[in-house]
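Asker: Listed below, chain by chain, are the residues.
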Amino acid sequence: MKKTVFLGALTVAGLAAGVAAAGTLDDVKARGKLNCGVTTGLVGFAAPDANGEWKGFDVAVCRAVAAATLGDPAAVEFVPTTGKTRFTALASGEIDMLARNTTWTFSRDVDLKFTFTGVNYYDGQGFMAPKALGVSSAKELDGATVCIQTGTTTELNLADFFRANNISYQPVPIETNAEAQQQYLAGACDVFTTDASGLAATRATFEAPGDHILLPEIVSKEPLGPLVRHGDDEWADVVRWTLNALITAEELGVTSANIGEMSAAAGGNPEINRLLGTEGNLGEMLGLSADWATKAIMASGNYGEVFEQNIGESTPIGLSRGLNAQWTNGGLLYSPPFR
Amino acid sequence: MSTLTDSPEGTFRLSMLLNDRRYRSYTFQGIALVLLIAVVVYLANNVMTNLRDLGLNISYEFLGSPAGYDINQTLIDYSSQSTNLRAAFVGIINTLLVAVLACITATFFGVIAGVLRLSNNWLVRKLMAVYVEIFRNIPVLIWIIIIFTILTAVLPGSRAYLGETPDKDMLLGYFAFTNRGVYAPAPIWNAGSGVVVAVFVASIVGIFAYRRYARNLLYATGKLLPTGWPTLAILIVPVVLTFFIMGQPIGLDAPDPLANRFNLKGGIQIGAPLIALWLALSIYTGAFIAENVRAGIQAVSKGQTEAAAALGLRSGRIMNLVVLPQALRVIIPPLISNYLNITKNTSLAIAVGYADITATLGGITLNQTGRAIECVMLLMLFYLVISLGISMLMNVYNNAMKLKER
Amino acid sequence: MSDKRADSVAFVRETFLAEQPAPASATGVVKWLQDNLFPTWGNGLLTIVSLYVIYALVTSTAPWMFNGIWNTESLSECREILDGASAACFSVLTERWNQLLFGFKYPPSEYWRPTVAFVLMFAALAPVLFFDLPRKLLIITALFPFTAYWLIWGGTIFTPLVALLGVFAGYLVYARFVKGSFAMGFFGGVAAAFAVWIVGGMMIPEGANDAALLEAVPSRDLGGFMLNMMLGLTCVSLSVPIGIALALGRQSSLPLIKVICVVFIEFIRGVPLITLLFVANVMLAYFFPPGSGVDLFLRVVIMITMFSAAYIAEVIRGGLAALPKGQYEAADSLGLDYPQAMRLIILPQALKISIPGIVNVAVGLFKDTTLVSVISMFDLVGMIRGPILASTEWNGIYWELFMFASVLFFIVCYGISQYSQWLERRLATDHR
Numbered sequence: 002m003k004k005t006v007f008l009g010a011l012t013v014a015g016l017a018a019g020v021a022a023a024g025t026l027d028d029v030k031a032r033g034k035l036n037c038g039v040t041t042g043l044v045g046f047a048a049p050d051a052n053g054e055w056k057g058f059d060v061a062v063c064r065a066v067a068a069a070t071l072g073d074p075a076a077v078e079f080v081p082t083t084g085k086t087r088f089t090a091l092a093s094g095e096i097d098m099l100a101r102n103t104t105w106t107f108s109r110d111v112d113l114k115f116t117f118t119g120v121n122y123y124d125g126q127g128f129m130a131p132k133a134l135g136v137s138s139a140k141e142l143d144g145a146t147v148c149i150q151t152g153t154t155t156e157l158n159l160a161d162f163f164r165a166n167n168i169s170y171q172p173v174p175i176e177t178n179a180e181a182q183q184q185y186l187a188g189a190c191d192v193f194t195t196d197a198s199g200l201a202a203t204r205a206t207f208e209a210p211g212d213h214i215l216l217p218e219i220v221s222k223e224p225l226g227p228l229v230r231h232g233d234d235e236w237a238d239v240v241r242w243t244l245n246a247l248i249t250a251e252e253l254g255v256t257s258a259n260i261g262e263m264s265a266a267a268g269g270n271p272e273i274n275r276l277l278g279t280e281g282n283l284g285e286m287l288g289l290s291a292d293w294a295t296k297a298i299m300a301s302g303n304y305g306e307v308f309e310q311n312i313g314e315s316t317p318i319g320l321s322r323g324l325n326a327q328w329t330n331g332g333l334l335y336s337p338p339f340r
Numbered sequence: 043m044s045t046l047t048d049s050p051e052g053t054f055r056l057s058m059l060l061n062d063r064r065y066r067s068y069t070f071q072g073i074a075l076v077l078l079i080a081v082v083v084y085l086a087n088n089v090m091t092n093l094r095d096l097g098l099n100i101s102y103e104f105l106g107s108p109a110g111y112d113i114n115q116t117l118i119d120y121s122s123q124s125t126n127l128r129a130a131f132v133g134i135i136n137t138l139l140v141a142v143l144a145c146i147t148a149t150f151f152g153v154i155a156g157v158l159r160l161s162n163n164w165l166v167r168k169l170m171a172v173y174v175e176i177f178r179n180i181p182v183l184i185w186i187i188i189i190f191t192i193l194t195a196v197l198p199g200s201r202a203y204l205g206e207t208p209d210k211d212m213l214l215g216y217f218a219f220t221n222r223g224v225y226a227p228a229p230i231w232n233a234g235s236g237v238v239v240a241v242f243v244a245s246i247v248g249i250f251a252y253r254r255y256a257r258n259l260l261y262a263t264g265k266l267l268p269t270g271w272p273t274l275a276i277l278i279v280p281v282v283l284t285f286f287i288m289g290q291p292i293g294l295d296a297p298d299p300l301a302n303r304f305n306l307k308g309g310i311q312i313g314a315p316l317i318a319l320w321l322a323l324s325i326y327t328g329a330f331i332a333e334n335v336r337a338g339i340q341a342v343s344k345g346q347t348e349a350a351a352a353l354g355l356r357s358g359r360i361m362n363l364v365v366l367p368q369a370l371r372v373i374i375p376p377l378i379s380n381y382l383n384i385t386k387n388t389s390l391a392i393a394v395g396y397a398d399i400t401a402t403l404g405g406i407t408l409n410q411t412g413r414a415i416e417c418v419m420l421l422m423l424f425y426l427v428i429s430l431g432i433s434m435l436m437n438v439y440n441n442a443m444k445l446k447e448r
Numbered sequence: 035m036s037d038k039r040a041d042s043v044a045f046v047r048e049t050f051l052a053e054q055p056a057p058a059s060a061t062g063v064v065k066w067l068q069d070n071l072f073p074t075w076g077n078g079l080l081t082i083v084s085l086y087v088i089y090a091l092v093t094s095t096a097p098w099m100f101n102g103i104w105n106t107e108s109l110s111e112c113r114e115i116l117d118g119a120s121a122a123c124f125s126v127l128t129e130r131w132n133q134l135l136f137g138f139k140y141p142p143s144e145y146w147r148p149t150v151a152f153v154l155m156f157a158a159l160a161p162v163l164f165f166d167l168p169r170k171l172l173i174i175t176a177l178f179p180f181t182a183y184w185l186i187w188g189g190t191i192f193t194p195l196v197a198l199l200g201v202f203a204g205y206l207v208y209a210r211f212v213k214g215s216f217a218m219g220f221f222g223g224v225a226a227a228f229a230v231w232i233v234g235g236m237m238i239p240e241g242a243n244d245a246a247l248l249e250a251v252p253s254r255d256l257g258g259f260m261l262n263m264m265l266g267l268t269c270v271s272l273s274v275p276i277g278i279a280l281a282l283g284r285q286s287s288l289p290l291i292k293v294i295c296v297v298f299i300e301f302i303r304g305v306p307l308i309t310l311l312f313v314a315n316v317m318l319a320y321f322f323p324p325g326s327g328v329d330l331f332l333r334v335v336i337m338i339t340m341f342s343a344a345y346i347a348e349v350i351r352g353g354l355a356a357l358p359k360g361q362y363e364a365a366d367s368l369g370l371d372y373p374q375a376m377r378l379i380i381l382p383q384a385l386k387i388s389i390p391g392i393v394n395v396a397v398g399l400f401k402d403t404t405l406v407s408v409i410s411m412f413d414l415v416g417m418i419r420g421p422i423l424a425s426t427e428w429n430g431i432y433w434e435l436f437m438f439a440s441v442l443f444f445i446v447c448y449g450i451s452q453y454s455q456w457l458e459r460r461l462a463t464d465h466r
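Protein chains in written order, with the working numbering: chain A, 2 to 340; chain B, 43 to 448; chain C, 35 to 466.
Chain A on its own, in the form it takes in the complex:
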């Protein structure tokens, strides 16, 4: 009965396919929408709220790129992906970019043929344990049962850590964060491990967050960042420099509050002028409008603002900047100059 509709849809889809252009940037512009891959739901990074609006730190990156390329931060189609489907979704062109707390590793960059366009969050894998357990270090976990939220490189780091310290453990890999948490709270595992940011986000939702501690060990480096397909350098540049624009904006003190007046006319700081397009032609070089960065920053603020809104200390997740502070404040965020 419905066959006809779908055949019809297929035909139309086939026709539409005929006009597809070569570069991702052109595709996005022609489509008028950015397809951005996110997680299926991790509070603080990417999760739909009660009204179905996607909110979060990764979401903000998507919105900034949409604002830079299309001028509209709302022109994003969020595609939820699981750990299993994210790479295929990106490789097959279903999404234009992936902003799904994905760790930048050698094999993903080289073997899977992706291009990481930077790091938007420096993370590391940590452990959470109930206070009542009386554990103060991950090295005391010999024989413990560990709940793992699968998806990133978590399982591998965990195996490496326990192997390096020559202690044994029992892994319980769980697909979704909510179920891992349920297991952990019911005492079906002693500790819960995933990226430290995720642990903080998870702990924030507990009935009694104070009863759980994050162990001091961070067992891995997890530079999380947006990635695009290998080989489309123009598009990679757009994503890379949009992220850099957010970081630079914070460094230069450009905020969503003052950007209106700063971008109205060229000011005294030439780098701000170049960033906001009141001087030079950086936008043109990228194939975007002159005020691309202005729009990207206006989408949800500079890096610091995005951080504070979604995962910062004032939010339930309550992460401190730590490694993710500007290099001027002792962090790792260091954007190449805009010139």
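Just so you know, the hints here were simulated from the structure itself, not pulled from any lab data. Please note that the accuracy of each hint is not assured.
What the hints assert, rightly or not - Within a straight-line C-alpha distance of at most 20 Å, the following computed SDA-like cross-link-like pairs (lysine to any residue) qualify: (1) 265(B) / 355(B); (2) 34(A) / 251(C); (3) 168(B) / 83(C); (4) 56(A) / 309(A); (5) 386(B) / 432(B); (6) 292(C) / 355(B); (7) 222(A) / 322(A); (8) 114(A) / 173(B); (9) 168(B) / 67(C); (10) 114(A) / 416(B); (11) 292(C) / 66(B); (12) 65(C) / 76(C); (13) 114(A) / 66(B).
Unchecked claim - Covered stretches of chain B, as calculated for chain A (at least 3 residues, CB under 8 Å): (14) 111-120; (15) 195-203; (16) 391-397.
Positions of the beta carbon are idealized from the N, C-alpha and C atoms, including for glycine.
Chain A is already provided as a structure; the job is to place chains B and C on it using the hints.
Answerer: Only chains B and C this time, still in chain A's reference frame:
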């Protein structure tokens, strides 16, 4: 007739390809072949183009490289340094393990529920109907999640059993039920245990020999020997005797609550994910099997029972000798396809974190290597081999059981 | 006679005794209890055990259910009100009601559209399910897919109109040629339909979607129980014709076609649905031309349809095999060719026998649509395991949600299986 339809030789017209029975089959098969080749070529070409454009390739080399992750429940030696291939084998064995366990218990639940549905006890009948309807009409994925949640919520954490003065005592001092799994003692085989095992095997052989003898005697002379208590006696007495004569060579390794501050150590541990999956699959499929059993028993016509009764058979014998053999003929084919369903449904282990093949090869390995096409292909190949194997057994059985009509 | 008797016999009763009620032990509640609950000792024991089971179940769940809270904004509020007592927090259902039914992205102002489609579905299904209804109602059924498509997806009305026109054109051509040769009619019809679709597809003005009466909703935004219903209904209705074709192909005397059908059916039946969904999710994208962007919904529909078609084919094959051989021979002796014999003699009977089996496959398939939650689609189970359990408000609530999901599925599946049993009873009468 032939003179009407057979055109004379040599006057072949093109329209005959469509209208003449002799040629039409070639036309259709030709079209089908062309279409098939076209579709295959089209798809293969797309895959090739897409992969080439992305600079990817199809390669199974990742199977030989270290997997890098640990697995909770393994029946064969495995560590994070083992290869992905070995991880896949661990998954295969775990799949088969849960499938076999679930098949056995599902049959058990199904037969009991099916027989009770025909009970003359109104309450029991209705209860069983409720069981069957509730489990048949709710997706198995939801059942797996619900049962896993129940296990997690209802059973205590393993810390309740730990320490010098635990909150809970182990059942008989040997069994602990926690939401991480069930801990049971493992046998320790000391010197001389081989003799006990040998005696055990010998007694099983003895039981069969005795039953055979009893049956032959019955057929030959009509003399009926008891089978119930002698069977038990043959099974138990010699084994127990040897066990004590050899000086109790088989010990039990009980789970030790003091060895570790997190978990019980030693003995056998059956993980909660395995139990949840096993229970959910067997209760769910049990409901289907119950319906098959009921249908099978009802399919035996009442006249058969009455005829058997008229011959003077007692009701137990009517069931054993007349009804069941005929009912089984009806029950077994759908039963085997239910076994097939169980095997395929084990792939839902992914929802509870049990390390079956879908979770190792199709889960973590796929996740970490990103080799989606290769992993999914191997996964499908495995299930296909298993399913075809079971179907083949079913065909053999069906042929053997076919009513021999003369 | 009577007076003679009166002389010879000491006493003859001349009036009837008043009717006495049966003894208490052989009638009414007592008799029923004795027969049905306590016929033997063992049976009585079973009854008592069953009663205990029921008692235990009711006492453990009833307070939890009846003390449930329906009107809070989050789980923590619920916990505050309960203050340590154990009771359900059903407010997650009231608060997320729309998300559970429609998914989290469907525009709230448009909820009436799937609701109308849902109501129309009953009107469309009625003539298919109940043969007594006037056959003219089938027109509603024929129009339903197009209406429902338009209602749910929205966008320009031209897409479903063109699709409808194509089908109509195909039907006309088929009706015109089928008298001559079925093959010609069939292929002509298909060709005509495709021609209309392609021409019509090109004639749909660019940007028609923006000016549409109903706002277009991309299929990624569909979710909740609606998604289960849509997948179930679409895939079952699509797979029946494919299943018939596969079953006929498997019975066919043409070796090549037979081999293709057997391989297809056995392959699909040999692998779990979840692996096919993995294919839809991670592999199928590679099988389409680059950039064709066939969306996930469509890919999943393709895979599930193939899956259920293989099972339905086996059911129909059973139906075909169950027909007495005389029917085939009778058709041959009437001089009917293969399509005629199948259409007029064999299939109507075989399908009738197969209907209960097809309904069973449909129920199974509908339940299996929950598996799409594993591949990041937000159906009912996906909504629960994803956005709702991950949200800060409802993190940590399980029973209420899964109970709700179970109840929804139970209602639908039990309804369908009751229908199937009714149908079986009805169809059974004319075979005795």
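Asker: Mind checking the alpha carbons of residue 34(A) and residue 251(C) for me, to see if they're no more than 20 Å apart?
Answerer: holds (14 Å)
Asker: Given the hint that residue 65(C) pairs with residue 76(C), test it: the Cα-Cα distance must not exceed 20 Å.
Answerer: Holds, because 18 Å separates the two Cα atoms, which is no more than 20 Å.
Asker: Given the hint that residue 168(B) pairs with residue 83(C), test it: the Cα-Cα distance must not exceed 20 Å.
Answerer: holds (14 Å)
Asker: Checking C-beta pairs, does the region 111-120 of chain B have three or more residues closer than 8 Å to chain A?
Answerer: Answer holds; 4 residues pass the 8 Å Cβ test.
Asker: Count residues of the region 195-203 of chain B with a Cβ under 8 Å from any Cβ of chain A, then say if the count reaches three.
Answerer: Holds: 5 residues of the region 195-203 of chain B have a Cβ under 8 Å from chain A.
Asker: Can the restraint linking residue 222(A) and residue 322(A) be considered satisfied, given a maximum Cα separation of 20 Å?
Answerer: At roughly 16 Å apart (the allowed maximum being 20 Å), residue 322(A) and residue 222(A) satisfy the hint.
Asker: Between the alpha carbons of residue 292(C) and residue 66(B), is the straight-line distance 20 Å or under?
Answerer: holds (16 Å)
Asker: Verify the proposed pairing of residue 265(B) with residue 355(B), using a straight-line Cα cut of 20 Å.
Answerer: This hinted pair holds, its Cα atoms lying about 16 Å apart.
Asker: Hint check: residue 386(B) vs residue 432(B), CA-CA at most 20 Å. Holds or violated?
Answerer: Holds: residue 386(B) and residue 432(B) sit about 12 Å apart, inside 20 Å.
Asker: Would the hint linking residue 114(A) and residue 173(B) be met if the CA-CA limit is 20 Å?
Answerer: Distance of about 52 Å is beyond 20 Å: violated.
Asker: Taking 8 Å as the Cβ threshold, is the statement that the region 391-397 of chain B is covered by chain A upheld or broken by the three-residue rule?
Answerer: holds (count 4)
Asker: Residue 56(A) and residue 309(A): Cα distance at most 20 Å?
Answerer: Measuring from Cα to Cα gives roughly 13 Å; hence the hint holds.
Of the numbered hints given earlier, the model fails hints 6, 8, 13; all others are met.
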